[in-house]
Amino acid sequence: MKGNRATYSLEDFEADGGPISSDEDERGTEGGAVVQAGRWGFDVFDGLLFNFAAPVCIPYLLGVDPNAELDQSTREAITFWTASLTSLLLVGWAIGGILFGKLTDTFGRSRIMLITMATYALSTGASALSPNIWVLGLCRFCASLGIGGEWAAGAALVAETMPPHRRLWGGAILYTSAPVGLFLASFVSSLFLNEVSFIADDPSLSWRVVFLTGLIPVVFAIIIRIWLKEPDTWKTTRENKAMSYGVVERDYDEQPPPEKLGRYRRRTLGGLFVVIIALLTWWTITSFIPLIANFLAEDVGKASGLSRVEIQGLKSEYTFIGSNSFNAGGLVGTLTTVPLAQYLGRRPMFAIYFAWSAVAIPCVLYLAMSALLRLSLLFIVGFSVFGVFASFTFYLPELFPTRLRALGSGFCYNSGRVVTAVGPFLVGIVGRDGYDPLYIITWVAVLPAIGFVGTLLRLPLETKGTVLIEEEVERVDENLYLLHKEAASYSTATSPSASRYHNAHDEGMDIFLK
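At the far end of the sequence shown sits residue 514, using UniProt numbering, and the numbering has no gaps.
Derived by calculation from the structure, the hints in this document are not laboratory data. It should be emphasised that the depicted structure is a prediction, and the values quoted were computed from it without experimental measurement. A few of these clues could be false.
For each label pair, taking beta carbons as the anchor points, the in silico distance ranges come out as [to be verified]:
| hint | residue 1 | residue 2 | range |
| --- | --- | --- | --- |
| 1 | 62 | 299 | 42 to 52 Å |
| 2 | 372 | 195 | 19 to 29 Å |
| 3 | 299 | 106 | 47 to 57 Å |
| 4 | 419 | 457 | 14 to 24 Å |
| 5 | 135 | 198 | 22 to 32 Å |
Virtual Cβ for every residue (Gly too), placed ideally from N, Cα, C.
Please take these sequences and the hints and turn them into a complete structure.
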């Protein structure tokens, strides 16, 4: 770049519109894919350990024997605190996503990923030392900061290291590690809360061991830092930024994040809409699956005249069935996002998933049926409620340019969690007043119904057939935008700013017409 002039060549882009990157080699895609899958799985694993430990750790920290018969007041207290700590997790998740999203765009994807994974793993492990429920809440909040930041860094990495023709399948297949992470959390919790008797029989120890397993991602974070390199796209962006100078560059860099994203308001709001609907639905349901399974087991056990020991075993069985039915449905739904997005488009895909959820949730949670059948049919709920999240790995990065990709994706995905935090909290408040959580959660079906209508109204932007907005082309667009604003403040067409605007406009047309 010379002064405020710049020359760009479309030879830097592939025939199909994707940027040429050495990250497309075997190490950058195949090896990187394995690393990405692992970090996503551990993200979900650490985030959901609390949901499985809650029926034991919350009564214990409240001074109630978790193995004793649950009266109505105890159920209400457990429901309230499970909801409150889940909402706290979501708020921290949002803050971490926005904070670390900016740091990721500035300091690099893999470096920030190491920091975020270490943050949530160490905080989850520290939860095991909680002497009371307030310290537990603090540890979960710190963990949520890391989990939120890790998603922003990871989404940008996937988008920038996957070849364009593999981005959809790559993102969706990588996200299948999320159901694996949920299964692992369910397995570890069942192992130490029910199966290993010398640990499970001690309510002061069992849940602490569960949280200690949350330290496992620390080892994986170190592997990530050694193995995974920064994408060429990000490095090129930083190099170009360091070499450039002038009022346009300085003005742009000095803009706060909301102003930077303001130019992409239509894209940001559309992405935020689908994310909020999906997150509210998913968290309100998944946060209470273990709790609902425990309550169903308690009711069935009492009606069948089972002993307390037998009821505890039934709780473990019901939790395992419910969680893994939902999880298996999510795995199938995850893989289904790709053909739908590829052949029908992103917007029709969202419409299908939201409509499915709006019908499946009340059918499974409200209609009269046996406890085992209800828990097994969570498969069809998980298909849409869980599966839709795979689309965000390729959809959100498609909305933003390189220098804003982590910030923009993180803003959409994690700002939605602030709103999402209201869902579980309201369930907890209503549940504390004596209402059945199963009945309350049935009303969650209203959310995907709203999402379906919003999709029909074309709120989410359709990105099928588009390529990632890369730095070289984006810089010209920025110059046009900022110089246009500057030129507009002058009354004559002969002002220096107006002249610079016309020069930049001609320059931009040269690029797009080559």
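So, going through the hints one by one against the coordinates:
1. 62 with 299: 42 to 52 Å: Violated, since residue 62 and residue 299 (Cβ atoms, about 22 Å apart) do not stay within the stated range.
2. 372 with 195: 19 to 29 Å: holds, 20 Å
3. 299 with 106: 47 to 57 Å: At roughly 53 Å between Cβ atoms, residue 106 and residue 299 fall inside 47 to 57 Å, so the hint holds.
4. 419 with 457: 14 to 24 Å: Check passed, 19 Å falls within 14 to 24 Å.
5. 135 with 198: 22 to 32 Å: Once the Cβ atoms are compared, 26 Å apart, the range 22 to 32 Å for residue 198 and residue 135 holds.
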